[in-house]
Amino acid sequence: MAAVTYTTNELMAVTAARALRDGQNVVVGLGLPQVAALLAKRTHAPNLNIIYEIGVANAEAVDPGVGIADPRLWHRSEYFTSSIGALGSILQKGLVDVGFLGALQIDCFGNLNSTQVKLADGSIRHFTGSGGAADIATFARNIFVIMKHEKRKITASLDYLTSVGLLAGGDSRSKAGLPMCLEVKIITNLCVFGIKRGQNVLEVQSLHPGVAQEDVLANTGFAVTFAADLQTTGIPTEVETTLLRTRIDPRGLFIK
Amino acid sequence: MAAVTYTTNELMAVTAARALRDGQNVVVGLGLPQVAALLAKRTHAPNLNIIYEIGVANAEAVDPGVGIADPRLWHRSEYFTSSIGALGSILQKGLVDVGFLGALQIDCFGNLNSTQVKLADGSIRHFTGSGGAADIATFARNIFVIMKHEKRKITASLDYLTSVGLLAGGDSRSKAGLPMCLEVKIITNLCVFGIKRGQNVLEVQSLHPGVAQEDVLANTGFAVTFAADLQTTGIPTEVETTLLRTRIDPRGLFIK
Amino acid sequence: MLMGGKVRQLQDVVREIPGRGAEIALGGFAITRCPVAFVNELIRQGKKELILYETIGGFTADLLVGAGAVKRYSYGGGSLDKFGQLRRVNEGIENGTLDVREYTALSINLRFLAGSLGIPYVPSKTLLGTDILANLLGKDSEAVMVKESPFDGEQYVYYRSLQPEYAVIHAPCADAKGNVVIYGPTWDEELAKAAKKLIVTVDKVVSTEFIRQHPEMVVIPSLYTYAVCEVPYGAYPTSVYKAYDYDADVLSAYGRLNHEQSEFNKWLQEYVLGTKDHNEFLLKLAGMEKLAALRADPVFGYAKGAQ
Amino acid sequence: MLMGGKVRQLQDVVREIPGRGAEIALGGFAITRCPVAFVNELIRQGKKELILYETIGGFTADLLVGAGAVKRYSYGGGSLDKFGQLRRVNEGIENGTLDVREYTALSINLRFLAGSLGIPYVPSKTLLGTDILANLLGKDSEAVMVKESPFDGEQYVYYRSLQPEYAVIHAPCADAKGNVVIYGPTWDEELAKAAKKLIVTVDKVVSTEFIRQHPEMVVIPSLYTYAVCEVPYGAYPTSVYKAYDYDADVLSAYGRLNHEQSEFNKWLQEYVLGTKDHNEFLLKLAGMEKLAALRADPVFGYAKGAQ
Numbered sequence: 007m008a009a010v011t012y013t014t015n016e017l018m019a020v021t022a023a024r025a026l027r028d029g030q031n032v033v034v035g036l037g038l039p040q041v042a043a044l045l046a047k048r049t050h051a052p053n054l055n056i057i058y059e060i061g062v063a064n065a066e067a068v069d070p071g072v073g074i075a076d077p078r079l080w081h082r083s084e085y086f087t088s089s090i091g092a093l094g095s096i097l098q099k100g101l102v103d104v105g106f107l108g109a110l111q112i113d114c115f116g117n118l119n120s121t122q123v124k125l126a127d128g129s130i131r132h133f134t135g136s137g138g139a140a141d142i143a144t145f146a147r148n149i150f151v152i153m154k155h156e157k158r159k160i161t162a163s164l165d166y167l168t169s170v171g172l173l174a175g176g177d178s179r180s181k182a183g184l185p186m187c188l189e190v191k192i193i194t195n196l197c198v199f200g201i202k203r204g205q206n207v208l209e210v211q212s213l214h215p216g217v218a219q220e221d222v223l224a225n226t227g228f229a230v231t232f233a234a235d236l237q238t239t240g241i242p243t244e245v246e247t248t249l250l251r252t253r254i255d256p257r258g259l260f261i262k
Numbered sequence: 007m008a009a010v011t012y013t014t015n016e017l018m019a020v021t022a023a024r025a026l027r028d029g030q031n032v033v034v035g036l037g038l039p040q041v042a043a044l045l046a047k048r049t050h051a052p053n054l055n056i057i058y059e060i061g062v063a064n065a066e067a068v069d070p071g072v073g074i075a076d077p078r079l080w081h082r083s084e085y086f087t088s089s090i091g092a093l094g095s096i097l098q099k100g101l102v103d104v105g106f107l108g109a110l111q112i113d114c115f116g117n118l119n120s121t122q123v124k125l126a127d128g129s130i131r132h133f134t135g136s137g138g139a140a141d142i143a144t145f146a147r148n149i150f151v152i153m154k155h156e157k158r159k160i161t162a163s164l165d166y167l168t169s170v171g172l173l174a175g176g177d178s179r180s181k182a183g184l185p186m187c188l189e190v191k192i193i194t195n196l197c198v199f200g201i202k203r204g205q206n207v208l209e210v211q212s213l214h215p216g217v218a219q220e221d222v223l224a225n226t227g228f229a230v231t232f233a234a235d236l237q238t239t240g241i242p243t244e245v246e247t248t249l250l251r252t253r254i255d256p257r258g259l260f261i262k
Numbered sequence: 086m087l088m089g090g091k092v093r094q095l096q097d098v099v100r101e102i103p104g105r106g107a108e109i110a111l112g113g114f115a116i117t118r119c120p121v122a123f124v125n126e127l128i129r130q131g132k133k134e135l136i137l138y139e140t141i142g143g144f145t146a147d148l149l150v151g152a153g154a155v156k157r158y159s160y161g162g163g164s165l166d167k168f169g170q171l172r173r174v175n176e177g178i179e180n181g182t183l184d185v186r187e188y189t190a191l192s193i194n195l196r197f198l199a200g201s202l203g204i205p206y207v208p209s210k211t212l213l214g215t216d217i218l219a220n221l222l223g224k225d226s227e228a229v230m231v232k233e234s235p236f237d238g239e240q241y242v243y244y245r246s247l248q249p250e251y252a253v254i255h256a257p258c259a260d261a262k263g264n265v266v267i268y269g270p271t272w273d274e275e276l277a278k279a280a281k282k283l284i285v286t287v288d289k290v291v292s293t294e295f296i297r298q299h300p301e302m303v304v305i306p307s308l309y310t311y312a313v314c315e316v317p318y319g320a321y322p323t324s325v326y327k328a329y330d331y332d333a334d335v336l337s338a339y340g341r342l343n344h345e346q347s348e349f350n351k352w353l354q355e356y357v358l359g360t361k362d363h364n365e366f367l368l369k370l371a372g373m374e375k376l377a378a379l380r381a382d383p384v385f386g387y388a389k390g391a392q
Numbered sequence: 086m087l088m089g090g091k092v093r094q095l096q097d098v099v100r101e102i103p104g105r106g107a108e109i110a111l112g113g114f115a116i117t118r119c120p121v122a123f124v125n126e127l128i129r130q131g132k133k134e135l136i137l138y139e140t141i142g143g144f145t146a147d148l149l150v151g152a153g154a155v156k157r158y159s160y161g162g163g164s165l166d167k168f169g170q171l172r173r174v175n176e177g178i179e180n181g182t183l184d185v186r187e188y189t190a191l192s193i194n195l196r197f198l199a200g201s202l203g204i205p206y207v208p209s210k211t212l213l214g215t216d217i218l219a220n221l222l223g224k225d226s227e228a229v230m231v232k233e234s235p236f237d238g239e240q241y242v243y244y245r246s247l248q249p250e251y252a253v254i255h256a257p258c259a260d261a262k263g264n265v266v267i268y269g270p271t272w273d274e275e276l277a278k279a280a281k282k283l284i285v286t287v288d289k290v291v292s293t294e295f296i297r298q299h300p301e302m303v304v305i306p307s308l309y310t311y312a313v314c315e316v317p318y319g320a321y322p323t324s325v326y327k328a329y330d331y332d333a334d335v336l337s338a339y340g341r342l343n344h345e346q347s348e349f350n351k352w353l354q355e356y357v358l359g360t361k362d363h364n365e366f367l368l369k370l371a372g373m374e375k376l377a378a379l380r381a382d383p384v385f386g387y388a389k390g391a392q
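Chains as they are written, first to last, in the numbering used here: chain A, 7 to 262; chain B, 7 to 262; chain C, 86 to 392; chain D, 86 to 392.
One should not assume that every hint holds.
[Said to hold, decoys possible] Only pairs whose alpha carbons sit at most 27 Å apart, straight line, appear in this in silico DSSO-like list of lysine-lysine: (1) Lys167/D x Lys99/B; (2) Lys99/B x Lys232/D; (3) Lys181/A x Lys232/C; (4) Lys224/D x Lys281/D; (5) Lys232/C x Lys124/B; (6) Lys154/A x Lys167/D; (7) Lys133/D x Lys232/D; (8) Lys167/C x Lys262/B; (9) Lys157/B x Lys167/C; (10) Lys99/A x Lys99/B; (11) Lys154/B x Lys167/C; (12) Lys232/D x Lys181/B; (13) Lys181/B x Lys232/C; (14) Lys281/D x Lys99/B; (15) Lys224/D x Lys181/A; (16) Lys167/D x Lys262/A; (17) Lys133/D x Lys124/A; (18) Lys124/B x Lys327/C; (19) Lys232/C x Lys99/A.
[Stated by the list, open to error] Reference listing, derived: stretches of chain A covered by chain D, where coverage requires no fewer than 3 residues with Cβ under 8 Å from a Cβ of chain D: (20) 38 to 50; (21) 139 to 150.
For the record, the hints were derived by calculation from the structure and aren't laboratory data. These figures come from a predicted structure and were not determined experimentally. Ideal placement from N, C-alpha and C gives every residue a C-beta, glycine not left out.
Chain A extracted, bound-state conformation (with noise of 0.2 Å):
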């Protein structure tokens, strides 16, 4: 049988879709999260609650959106609801289990900017914020990103905090009152991080097939530790590659 071939984004798609467990509720958006997420729901995850912060839960969509506020991505779900239905009620509640979050830049706290960047000349550049991002690293005992492996998104100082991930790492989280973080998992083109348990600060788990750690060093702003048992990232089998490319982006828009 030839080797599986696939994609750097089916392969984060598939590396968070394995992370996520069966009954677990979890938070996305749209892009590779909600792909991760169907994923798992596909294979090993029947029981997984896909919620939007919009407040939408557990949609089926049969054609693909422009974001959650796309009523494509609302079709067929189990339950619609308000502001603090989703965000408070669930969210806030302790009910979620993995949130997924995109950022512009993250540290090695895994703390995150989604709000703005400090140009070259001193100037800002203001993008989305927050939205439930802040939120949801508060809440969610999880928190997931897929993002680029760049050394100005992947940096040693944000230029605003957004959402926390571990702060300043040690104990600095729960002494700031916040409740506790389970994993913080950075899954990008190179790696995937997590949590370097005591410290609380990120480190490279597993490397992805043929990704050397100087790839990884000569791409991240700030000074990166490798896990002990360091790993290499699980590729794709072929009954995941097969639903991500006929069943959940049939069209590539995610995958490609």
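Based on these hints, arrange chains B, C and D on the given structure of chain A.
Relative to the frame of chain A, chains B, C and D by itself:
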């Protein structure tokens, strides 16, 4: 044309109905309060919103029920909601103009007891308790009570203060941190009590036709004062009694 | 019976509940959607020293108190509507044999609201100036305090978050995932969402396809639901809007017999302890003809002409 | 057009709003159910120095800021989804010309929640440790403070109650009494219930008989509603679930032209200031054929195959 004949309960229902204004939001329960609200809606107040604390707005019942928990009272509602929806976002927000309350006892400040009474032997007898009554007394701008005029019920001292009226009169209600109460109207089978401005204590504002001040004095447990411009309660019109008897309470469950 | 997902046998779920001291919020209201099948099974399995919470007390709370199963009862007041009073509860209060903490419909739900939102408390003006508050400040001082709001300097009652170990509500239907459909008012929504484990008894388990066709009917989504138990007529003799009516004969008889513990005991022995499950209870107390007659008219939602 | 009850002409309702400094919470979310007709009329009538609130910013907030109508904008972040960013808003932030108070979707809604419940504030952990909170403590110190809960001694952010003078939301339908039907998610429910005066623009005024047949679809009952304005396609070019789709051509063009104030000004002049009402706006920007093509498929709730 012959004089209109009416029962005392009809007079009480009509008196309460006439005190309601179009467009008001009223909270009622089963019995004469509901009858009064429906009469107002069919006469001068077509835009009255009638709310049951269980979470029902503007029902159009066609069968009599045994209480607000009876689905007969929910027929053809415009809106269903939760406890917080009804008593938080509607009542506590301040949207209720008139709350109709029942009571075991009432004192000269319009404070109400619907919880328990002390018997002659010193033991207590417990009844329904508050339900939403104490909440309604706190937040409704006007409190209406329809009750039988008996010395042990309209009393100098409550056995239990379930729901606040004017507390100890004067500015004691606002000093206790409570929202303003515009009116406490007690409609009995003898007279109508209302607030004596300035002192914030109840006074008799109208006597029902044929009732003498002595009748009220003899049946009231506290020292009664009569308004300077004491009125005679207006009697029902034929339109009102016809509506009550043919449309609103055709079985005569409450108006007999 | 449709099983799978979160659908489980009622007896098995009740068996999980600790024999002593379990903390349960009940979902009924006087004579409607009371979780009768569940409560009867609690009594059959001999659960004791229950810590009960309820928005408005009704038939099921009176049963549990009468059966001697309750240690502490916090509620917003209650009755059997026109059928009578909660005499087993009220006698417990009168005799001082029951630890009762009286709230109001709003104030106890502010505690559930805080629990459902994951916040420590909710400030409110309600109960200022009342004997209800005076009693709570004495009896329930860990849950209620009077403080000034730091924004406006005014006095408020701070109602502490309540997340009961279990909530048990009855609904007409849910799917196997635990998406719960309720028709009519939903006074029990906050307590259901506040609980750590939500158990839902339903008259019928429906397909998830039905849920997807009527998402606006889902009051409680699957995320909250711990177990679904299919128990046809599970709220009988109380009503379920759009499913079946209350049994006025049974409730008015109950509203008289609950005045005396001895009469209550006979009734309990006959219908609850003397039956092995809810089907036997239904057959003994109602019978097939009565159950059929109580089925709701689809337009009115109750049994037109039944009472 | 069905009138009576609370149904009024859009122009008349907008005329009531103060010319300067009105406080308005808007109901849209990025590219869906944005109250476009209302906002265009605000711009046509030259309202200035608006104090705006929004859960998630979208098309209408960008229009108002671009038109120079906004003094202060408090929101939980926003975009045009894949069509782009709120460049008029963002440029105002970048240049410091707009007083922006950034919240998050939850935190601003906790303020609306407190407003809708009539309580002074809601305590929450959200935003602890963030720059968002640091900025709010500076800019919005009358609305946000950090305190210890008297129950658990832990740190919380206290979010002060917000009851905006007006809320304006768009919905597919309402009756003349102001019972508002919304299909799909209801992110704007809390802000609608928090406002002192709720104005609802609807694509269609329906009979109260329809409401009584579908009470479970009523998200906001008549008690909250100040005025209902019937404006067919009132959210165009944004979408209304089960009514019509967004116009992807218009939104992607807008997501480019809003990068430059001069280009934005031309668009505003052409389509908003250059049209006398929403019907002219629709004809000029969409045309009859486009509007017909955008109508939602009744099963899918959007225009199947339109984009």
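Here's how the hints hold up against the structure:
1. Between Lys167/D and Lys99/B the alpha-carbon distance is near 38 Å, which puts this suggested pair outside the 27 Å criterion.
2. In summary, the hint linking Lys99/B to Lys232/D is supported, as the alpha carbons are separated by about 24 Å, within the 27 Å threshold.
3. At most 27 Å may separate the alpha-carbon atoms for a hinted pair to count; Lys181/A and Lys232/C meet this at roughly 26 Å.
4. Proposed proximity of Lys224/D and Lys281/D is supported: the alpha carbons are some 24 Å apart, at most 27 Å.
5. As the CA atoms of Lys232/C and Lys124/B are separated by approximately 32 Å, the hinted pair breaks the 27 Å bound.
6. Simply put, Lys154/A and Lys167/D have alpha-carbon atoms about 18 Å apart, close enough for the 27 Å limit, and the pair holds.
7. Straight-line distance between C-alpha atoms of Lys133/D and Lys232/D comes to about 36 Å, which puts the hinted pair past the 27 Å bound.
8. For a cut-off of 27 Å, the pair hint linking Lys167/C to Lys262/B stands: about 17 Å separates their Cα positions.
9. Taking the CA atoms of Lys157/B and Lys167/C, the gap is near 25 Å; set against the 27 Å cutoff, the hint holds.
10. Distance check on the hinted pair: Lys99/A and Lys99/B sit about 24 Å apart at the alpha-carbon level, within 27 Å; holds.
11. Of the pairs offered as hints, the one joining Lys154/B and Lys167/C holds, with about 18 Å between alpha carbons and a cut-off of 27 Å not exceeded.
12. Taken as a hint, the Lys232/D and Lys181/B pair is honoured in the structure, with Cα atoms around 26 Å apart against an allowance of 27 Å.
13. Note on Lys181/B and Lys232/C: the hinted pairing holds, with a Cα-Cα distance of about 14 Å set against a maximum of 27 Å.
14. With a C-alpha separation of about 10 Å, the suggested pairing of Lys281/D with Lys99/B holds against the 27 Å cut-off.
15. As the CA atoms of Lys224/D and Lys181/A are separated by approximately 25 Å, the hinted pair is consistent with the 27 Å bound.
16. With a C-alpha separation of about 17 Å, the suggested pairing of Lys167/D with Lys262/A holds against the 27 Å cut-off.
17. Distance restraint check for Lys133/D and Lys124/A: the Cα-Cα separation of roughly 31 Å exceeds the 27 Å cut-off, and the hinted pair is therefore not satisfied.
18. At most 27 Å may separate the alpha-carbon atoms for a hinted pair to count; Lys124/B and Lys327/C exceed this at roughly 42 Å.
19. Taking the CA atoms of Lys232/C and Lys99/A, the gap is near 24 Å; set against the 27 Å cutoff, the hint holds.
20. With 0 residues having a Cβ less than 8 Å from any Cβ of chain D, the segment 38 to 50 of chain A misses the three-residue criterion, and the hint is violated.
21. Under a criterion of three residues with beta carbons nearer than 8 Å to beta carbons of chain D, the stated coverage of the segment 139 to 150 of chain A is upheld, 5 such residues being counted.
Violated hints, listed in ascending order, are 1, 5, 7, 17, 18 and 20; each of the other numbered hints is respected by the structure.
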